[in-house]
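Each chain, letter by letter, is given below.
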Amino acid sequence: MLADSTAVVPGQEFQLGAHFKIQDAHHIYWENPGDAGLPTKVSFEAPEGIEILEAQYPIPERFEDGADIITFGHTKEALLTFKAKVTSSFSVQGPVEIKANARWLSCNKTLCIPGAGKASIQLPVGKSAEKENQKTFLEWKQRSPLSYPAETKGKLKSAGGTGTFESVIDWEAGSPPKKLDWLPYSHPGLEADIEEVEVSGNDIRVQFHLKELKGIKREGDIFRYLLSYREKGKLRAIEVEVPIL
Amino acid sequence: MRHVLVLFIVALVGNLFFQEWEAYARDEVSTLEVQQVVPSFSLIDQSGNKVNLKDYQGENVVLEWTNPDCPYVKRHYKENTMKNVRNQFKDAEVEWLTINSTHFMSSEDNKKWAEDHKLDWSVLDDHKGLVGKQFKAKTTPHMFIVNAEGKLVYQGAIDDDAHGDKESKERVNYVVKALDDITNDREVAIPSTKSYGCSVKYAG
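In order, the protein sequence lines correspond to chains A and B. Each number in the numbering used here corresponds to the 1-based position in the first sequence with 1264 added. Each number in the numbering used here corresponds to the 1-based position in the second sequence with 493 added.
Simulated from the structure, these hints should not be mistaken for laboratory data. Owing to the predicted nature of the structure, the values given are computational and were not obtained by experimental measurement. Watch out, some of these pointers could steer you wrong.
[As the list claims (entries may be wrong)] Using 25 Å as the maximum straight-line C-alpha spacing, the simulated DSS-like pairs for lysine-lysine come out as follows:
{"hint": "1", "chain 1": "A", "residue 1": "Lys1382", "chain 2": "B", "residue 2": "Lys567"}
{"hint": "2", "chain 1": "A", "residue 1": "Lys1373", "chain 2": "B", "residue 2": "Lys604"}
{"hint": "3", "chain 1": "B", "residue 1": "Lys662", "chain 2": "A", "residue 2": "Lys1481"}
Work out the full structure: start from the sequences and follow the hints.
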């Protein structure tokens, strides 16, 4: 486990990182594992006054497991980062210990192995802090998706809800990539299916369907997805948010 | 006489071909959605018997996709999840069929696994994966319920506890809920959920 700060400072934020080293020929799963697998999750125990927000996952790879089974995940290594907010009234005497509990499913072509692990970090409490592990956090920030604006038409019909959506993304930097993969974030209570990703001039058009699962509570009114592509051999992605009502 | 023999051989080969076609769903047939009528299939069980879905016409049938090597299947069989559901509805004209589409497993593997867990129902060999692909079985476990009218009325997870963290009484077992609805003549309230587990290990 890593931190990007040498200390916890009341009223300031810092970042934590949970670093996974993945066995050769195996992968672990993204926050939406896709058609199979289980998401990699990290939970924390931290003193009151330190709030740790949701994970930022690196851009996942897309795997085709045969028979149209599509999954999303990470190979070799992955750093999940977490923003940590410290209240201005934080008065716990240091050093403070932040504990992480991680769970994952590691799979290869024939076998899956569930995993669990614990890690912790101790940080002093101070009035100021130096940056730490900057190179690592920057490297992994570059492996994270970039938010990108899009104009999206479509709404989820109420009471039972299905909807067809079309996003148009105006690619601003040169020609858009020719091959793009669509990776939806998980959204409990919603089933998402891609219809088409089409590049036309400087525009990327994404048509997809959303369907409410009957009897399952839908969480939130914003649907997010990634469009991933390769640029000079590196995996890149943009993240698009779509209001669904 | 020779003509009769030739005709007999042609008829025999033709019949075998037709049975082979019938035994597996065709790739080009579109895959199933909830509320669609399920086409029949037949597969061989762990005792070498041919089991045909149409033999259960008029009954509700639970189809459970499995892979004995999958840790999620292992956990459920250790906890007797499937057995408990099956026993709960045994007297209510609910049949249970377990299907193994793992390409590197055979009827022998299914037989050993059924014996190890003392299963008194059929475990079907679908190592070619055609029935699994017809149903779009993606994970192990992945559950499907076919009602007495032959329609698919549920597909998805066995329950809402992928990690096995909850006490069993806190879990929502989607198959129990669906069977409860069906056996009480109610519409299935939750017809579709996202299944969890290992991916089905199809060939290729």
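Each hint tested on the structure:
1. A/Lys1382 - B/Lys567: Holds, because 24 Å separates the two Cα atoms, which is no more than 25 Å.
2. A/Lys1373 - B/Lys604: holds, 24 Å
3. B/Lys662 - A/Lys1481: holds, 20 Å
Figure legend: structure checked against the earlier numbered hints; every hint is met.
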